[in-house]
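Asks: Generate the whole structure from the sequences, applying the supplied hints.
2 protein chains.
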Amino acid sequence: MTYNVQIKVMPLKDLLDPQGKAVLGGLQNLGLGAVTDVRVGKHITLQVDADTEAQAKSIAEEATKKLLANPVMEFFEIEMIN
Amino acid sequence: MTYNVQIKVMPLKDLLDPQGKAVLGGLQNLGLGAVTDVRVGKHITLQVDADTEAQAKSIAEEATKKLLANPVMEFFEIEMIN
Chain P
1 MTYNVQIKVM
11 PLKDLLDPQG
21 KAVLGGLQNL
31 GLGAVTDVRV
41 GKHITLQVDA
51 DTEAQAKSIA
61 EEATKKLLAN
71 PVMEFFEIEM
81 IN
Chain X
1 MTYNVQIKVM
11 PLKDLLDPQG
21 KAVLGGLQNL
31 GLGAVTDVRV
41 GKHITLQVDA
51 DTEAQAKSIA
61 EEATKKLLAN
71 PVMEFFEIEM
81 IN
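In order, the protein sequences belong to chains P and X.
Going by our numbering, 64 is the number at position 64 of the first sequence; the sequence numbering is gapless.
Going by our numbering, 67 is the number at position 67 of the second sequence; the sequence numbering is gapless.
For the record, the hints were derived by calculation from the structure and aren't laboratory data.
Predicted model, so just to flag it, every value in this text is computed and none were measured.
A hint or two may mislead.
Because identical chains cannot be distinguished in the list, a pair is counted as satisfied if it fits within a single copy or across any two copies.
Unchecked claim - No farther apart than 20 Å at their CA atoms in a straight line, the calculated lysine to aspartate or glutamate pairs in the DMTMM-like style are these:
{"id": "1", "residue 1": "Lys-57", "residue 2": "Asp-37"}
{"id": "2", "residue 1": "Lys-21", "residue 2": "Asp-49"}
{"id": "3", "residue 1": "Lys-8", "residue 2": "Glu-53"}
{"id": "4", "residue 1": "Lys-8", "residue 2": "Asp-51"}
{"id": "5", "residue 1": "Lys-57", "residue 2": "Asp-14"}
{"id": "6", "residue 1": "Lys-66", "residue 2": "Asp-37"}
Replies: Here is the structure:
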């Protein structure tokens with residue numbers, strides 16, 4: 001069966017996020033001063049062939065650790081969509 | 001009050017996603033052949049000062065339409081986190 005896996009990869013909370021800061025400046029120039037903080041990360045969707053949801057999740061975790069996220073600078077969250 | 005808004009911006013389903021294709025190739029080289037499709041987009045978190053959740057959501061929508069997403073190539077989803 002094919003499972004749809006959603007992965008969110010964001011810069012660690014303690015690190016500066018220059019891209020987020022740039023977006024924040026842009027929003028303020030557009031008059032959206034109500035936005036006080038922005039952080040920008042990646043959103044990745046995978047289609048995974050696996051027998052069970054748990055197996056699909058473990059494959060997605062392996063993919064994230066090996067290629068998609070850099071643990072020195074990023075954290076990730078994995079969500080399964082049936 | 002400050003609201004935490006999560007925004008997912010992904011390439012439209014009908015469009016090619018070269019970054020996703022590159023990641024897919026990388027995963028297959030790593031032996032993760034169970035992954036059959038990858039799409040890569042952006043995940044953005046905003047902190048929005050607003051009186052109500054509905055107001056915060058409408059500010060986030062405006063920000064997304066004006067700056068964060070390109071509707072020609074991308075679609076977005078907004079989720080509020082209390």
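Asks: All the hints need checking, so say for each whether the structure fits it.
Replies: Here is how each hint holds up against the structure:
Taking CA atoms no more than 20 Å apart as the test, Lys-57 paired with Asp-37 passes between copies only; the shortest distance there is 15 Å, against 31 Å inside one copy. Taking the closest pair of Cα atoms, Lys-21 and Asp-49 come within 20 Å of each other only across two copies (17 Å); inside a single copy the shortest separation is 38 Å, beyond that limit. Taking identical chains as interchangeable, the C-alpha atoms of Lys-8 and Glu-53 lie at most 20 Å apart only when both belong to the same chain, with a minimum of 18 Å there against 23 Å between chains. Proximity of Lys-8 to Asp-51 under the C-alpha cut-off of 20 Å is found in neither arrangement, the shortest distances being 23 Å within a copy and 28 Å between copies.
In this homomeric assembly, Lys-57 and Asp-14 never come within 20 Å of each other (Cα to Cα): the closest approach is 27 Å inside a single copy and 26 Å across copies. Only between protomers do Lys-66 and Asp-37 lie at most 20 Å apart by alpha-carbon distance; the minimum there is 17 Å, versus 30 Å within a single protomer.
Hints 4 and 5 from the list above are not met by this structure, while the remaining hints are.
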